[in-house]
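Colleague: Spelled out from the first residue to the last, the chains are:
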Amino acid sequence: MLSRTADSLYWAGRYIERADYLARILEATLRLAAIPTKQGTESSIWAASLATSGCPLLPNSDLTDPQDIRDYLAFSPDNPSSIHCCLTMARTNARSVRTALTVELWETINGAWNRLQELDMPLRGDELLEFLQWVKGVTLGVEGATSRTMLRNDAYWFLRLGAAVERADNTARLLDVKYHLLLPEGERVGGQFDYFQWTTLLREVSALTAYRWVYRDDVKPWHVADLMILNRQMPRSLASCQATIVRYLDRLAADYDNRGPAQRLASAQMKHFEGAKMDTIFQSGLHEYIQSYLAENRRLGEAIHQQYLS
Amino acid sequence: MAFDEMNGTGGEIRSPYAKAAQWLANASPDLLKTRSRQAELFFRRMGITFAVYGDTESNERLIPFDLIPRIVSGAEWNGLEVGLTQRINAINAFLKDIYGPQEILKAGIIPPELILTNQAYRPEMQGQRPPRDIWVQIAGVDLVRTGEDEFHVLEDNVRTPSGVSYMLENREMMMRLFPELFADHSVRPVETYPDTLLASLKACAPEDAGGNPTIVVLTPGPFNSAYYEHSFLADKLGAELVEGSDLFVDDNYVYMRTTQGRRRVDVIYRRVDDEFLDPLTFRSDSALGVPGLMAAYTAGNVTLANAVGTGVADDKAVYTYIPDIIRFYTGEEPILKNVPTWRCREADDLKYVLEHLDELVVKEVGGSGGYGMLIGPAATKAEIEAFRAKLTAAPEEFIAQPTLALSTAPTLSDGKLVQRHIDLRPFVLSSPNGCSIAPGGLTRVALKEGSLVVNSSQGGGTKDTWVLED
Numbered sequence: 084m085l086s087r088t089a090d091s092l093y094w095a096g097r098y099i100e101r102a103d104y105l106a107r108i109l110e111a112t113l114r115l116a117a118i119p120t121k122q123g124t125e126s127s128i129w130a131a132s133l134a135t136s137g138c139p140l141l142p143n144s145d146l147t148d149p150q151d152i153r154d155y156l157a158f159s160p161d162n163p164s165s166i167h168c169c170l171t172m173a174r175t176n177a178r179s180v181r182t183a184l185t186v187e188l189w190e191t192i193n194g195a196w197n198r199l200q201e202l203d204m205p206l207r208g209d210e211l212l213e214f215l216q217w218v219k220g221v222t223l224g225v226e227g228a229t230s231r232t233m234l235r236n237d238a239y240w241f242l243r244l245g246a247a248v249e250r251a252d253n254t255a256r257l258l259d260v261k262y263h264l265l266l267p268e269g270e271r272v273g274g275q276f277d278y279f280q281w282t283t284l285l286r287e288v289s290a291l292t293a294y295r296w297v298y299r300d301d302v303k304p305w306h307v308a309d310l311m312i313l314n315r316q317m318p319r320s321l322a323s324c325q326a327t328i329v330r331y332l333d334r335l336a337a338d339y340d341n342r343g344p345a346q347r348l349a350s351a352q353m354k355h356f357e358g359a360k361m362d363t364i365f366q367s368g369l370h371e372y373i374q375s376y377l378a379e380n381r382r383l384g385e386a387i388h389q390q391y392l393s
Numbered sequence: 219m220a221f222d223e224m225n226g227t228g229g230e231i232r233s234p235y236a237k238a239a240q241w242l243a244n245a246s247p248d249l250l251k252t253r254s255r256q257a258e259l260f261f262r263r264m265g266i267t268f269a270v271y272g273d274t275e276s277n278e279r280l281i282p283f284d285l286i287p288r289i290v291s292g293a294e295w296n297g298l299e300v301g302l303t304q305r306i307n308a309i310n311a312f313l314k315d316i317y318g319p320q321e322i323l324k325a326g327i328i329p330p331e332l333i334l335t336n337q338a339y340r341p342e343m344q345g346q347r348p349p350r351d352i353w354v355q356i357a358g359v360d361l362v363r364t365g366e367d368e369f370h371v372l373e374d375n376v377r378t379p380s381g382v383s384y385m386l387e388n389r390e391m392m393m394r395l396f397p398e399l400f401a402d403h404s405v406r407p408v409e410t411y412p413d414t415l416l417a418s419l420k421a422c423a424p425e426d427a428g429g430n431p432t433i434v435v436l437t438p439g440p441f442n443s444a445y446y447e448h449s450f451l452a453d454k455l456g457a458e459l460v461e462g463s464d465l466f467v468d469d470n471y472v473y474m475r476t477t478q479g480r481r482r483v484d485v486i487y488r489r490v491d492d493e494f495l496d497p498l499t500f501r502s503d504s505a506l507g508v509p510g511l512m513a514a515y516t517a518g519n520v521t522l523a524n525a526v527g528t529g530v531a532d533d534k535a536v537y538t539y540i541p542d543i544i545r546f547y548t549g550e551e552p553i554l555k556n557v558p559t560w561r562c563r564e565a566d567d568l569k570y571v572l573e574h575l576d577e578l579v580v581k582e583v584g585g586s587g588g589y590g591m592l593i594g595p596a597a598t599k600a601e602i603e604a605f606r607a608k609l610t611a612a613p614e615e616f617i618a619q620p621t622l623a624l625s626t627a628p629t630l631s632d633g634k635l636v637q638r639h640i641d642l643r644p645f646v647l648s649s650p651n652g653c654s655i656a657p658g659g660l661t662r663v664a665l666k667e668g669s670l671v672v673n674s675s676q677g678g679g680t681k682d683t684w685v686l687e688d
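Chains A and B, in that order, give the protein sequences. Straight run, no breaks: the first sequence in my numbering ends on number 393. Straight run, no breaks: the second sequence in my numbering ends on number 688.
The hints are simulated quantities; they were obtained by calculation from the structure and are not laboratory data. All C-beta atoms in this analysis are idealised placements derived from N, C-alpha and C, irrespective of residue type, glycine included. Careful, some of the hints might be misleading.
Unchecked claim - Chain B is faced by these chain A residues, among others (derived, beta-carbon under 10 angstroms): (1) M84; (2) T175; (3) R178; (4) S179; (5) R181; (6) L335; (7) Q346; (8) Q390; (9) S393.
Work the whole structure out from these sequences, hints included.
Modeller: Here is the structure:
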């Protein structure tokens, strides 16, 4: 397969995943901002969501107004990671490798893009919620079409690999912004507002129900940390994402009959999760832990690029 | 009255159309309308579109498809085939000579400056021999008909001719929509074209490429007007569709970047113009090309189809010499005629053209696609005067031809049969094993009543072309 083809597939996967993540961040922020509280003003909540999004800011940009932040994250053409840009980039990448995709997958991605062209801007508040629901639906549709119709060959592995790498990155970024909320067991737990933050964080990644199933307990910060970092049942946890990345890279290595730096790096990273305990992670510093994971994930991205995509 | 493919000059139905005419007489307008709609829907869903330059509003368009096939008898086709083969063989010999010993210039048949200062002449190719010495692997020759036995070549198109995907898609569509018609006619197949093209390209691979050379299709990218065709052909050939950035040159060999490392490329079916092929040799601002490609090419390590520099043979000024070129290299009389042409670079011709602008078609020698031409009889006084100024300023840039009465063919307009002017572009493949022409080609039709311009960029449509087994 041409490296450019693999690159387009990989990035189509990443952009779709990122669009979904942003839709979830925005949805959670709308919910959080609707709660009256003394500690967090509306604008500080939106500023936090901007940080969580990981979207690059333009130099000299002064984004403080909630409405501006909202539009910046959802629609702005100046923001290369806005939902609008992500869906457009996903479609551009998919179009350039159209013959590598099934008709079902292409029509899902192209259909989403067509719908995007028809939107009347700017959206009202209630329309925004509907839009975010729709974006999440698009990702589900893409996942479904991919899983149900694509051959399990290198095209499929690259598409999936992109999504997995992006998902790991998103979870880690989310944790990095919220790490101060995640406390070791026994620490004094904050008030009502913190409680809302945790539940919102869980909701952001559709994990509130999962939490209750796994821990059978009220929401405690150390459980939240465990769920998002080490729990292998949770598809979005760092450990799960890493295992997924390793699996897809191994399939590629098997198909190509060749293991390279990307496989070795991913497997080495996977070792960190084996037998890991939240206590130990808290002791050595959660923030440092997440920072180091983000750096490793970036290195892995570069290794994949070197080995396959360029 | 122009010659009509179905009715001739007005008398009886011509024999190739006998059964089709009967069928048309019995087909209900509703059926034809429904089938037209089905065809359009299908083309749109498949994204069989082309982009129109300088048209911002709707830059991806469908080429209108007309349901009524253009039918050619086997005997007519056999004549065309011989004529086309003669012509393309002569053009190959001409290019070999021009970039070699230049005998034809020494013999005084063509003024040397017309070749050597031609924009399409590539001095870089002087003294070079492409692998297997084939220059024009693929030609798309535009033919027009003016009478029962009157075919003329309008253009030779030996650079990067397009349209062959429509020949194949139109046939596919007709077989889908009207299987009963094919049962009634024995139509020669065009479906073998991709296989023939593949065999032909393989046969042109460099000597050291081995038994199974790697072929790629080089496209300028998704924004090119013919991108659909590029991806269509790559699919049919089972070749990678590459852009310049997918290729690189190392030690005068061309490689593509794949997920499993570099892979040598032996034949490049390129749909990128000469000027953009290699920024080291030609336009340094070209992002479409491959640095070092020309070095690999002149080292004989990669085949480009078509060769670099073929444009010097289909320039409209050189076109006027093709009959002489055929005589010079083959010793035969040309079988296919040229359209009579005035060379504005010659004083007598220019004088005549300036006096008859309102009757003539004037074209830029380097132009294509129906852009930048004057159609005298259809132009306003002001347009003619504006053109006169351009022509007087640079007469060597223009040629002029009479407005030909292109033949017409029955065409659907709102469910009714009307007569519209058409041309024909057969595709000629050349390899060391000789020439091969798919029986048929692309018939283009000027959909506007009375219009003689068939280019898709100017509102033309296409038809399926049937060559019958007599």
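Colleague: Take the hints in turn and mark each one as holding or not.
Modeller: The hints, checked one at a time:
Evaluation of the A:M84 hint against chain B yields a held restraint, the C-beta minimum of about 5 angstroms falling below 10 angstroms. With 10 angstroms as the threshold, the beta carbon of A:T175 comes within range of chain B, its nearest partner Cβ sitting at about 8 angstroms, so the hint holds. About 6 angstroms separates the beta-carbon of A:R178 from the nearest beta-carbon of chain B, less than 10 angstroms, and the hint is met. Given the 10 angstroms rule on beta carbons, the hint for A:S179 holds: about 6 angstroms separates it from the nearest Cβ of chain B.
A cut of 10 angstroms between beta carbons decides the hint on A:R181: the least distance to chain B is about 7 angstroms, and the hint holds. With 10 angstroms as the threshold, the beta carbon of A:L335 comes within range of chain B, its nearest partner Cβ sitting at about 8 angstroms, so the hint holds. The criterion of a C-beta within 10 angstroms of any C-beta in chain B is not met by A:Q346, whose closest approach is roughly 13 angstroms, and the hint is violated. Below 10 angstroms, beta-carbon pairs count as interface contacts, and A:Q390 has one with chain B at about 8 angstroms; its hint therefore holds.
Interface restraint check: A:S393 against chain B, minimum CB-CB distance 7 angstroms, threshold 10 angstroms, status holds.
The earlier numbered hint that this structure contradicts is number 7, and it is the only one.
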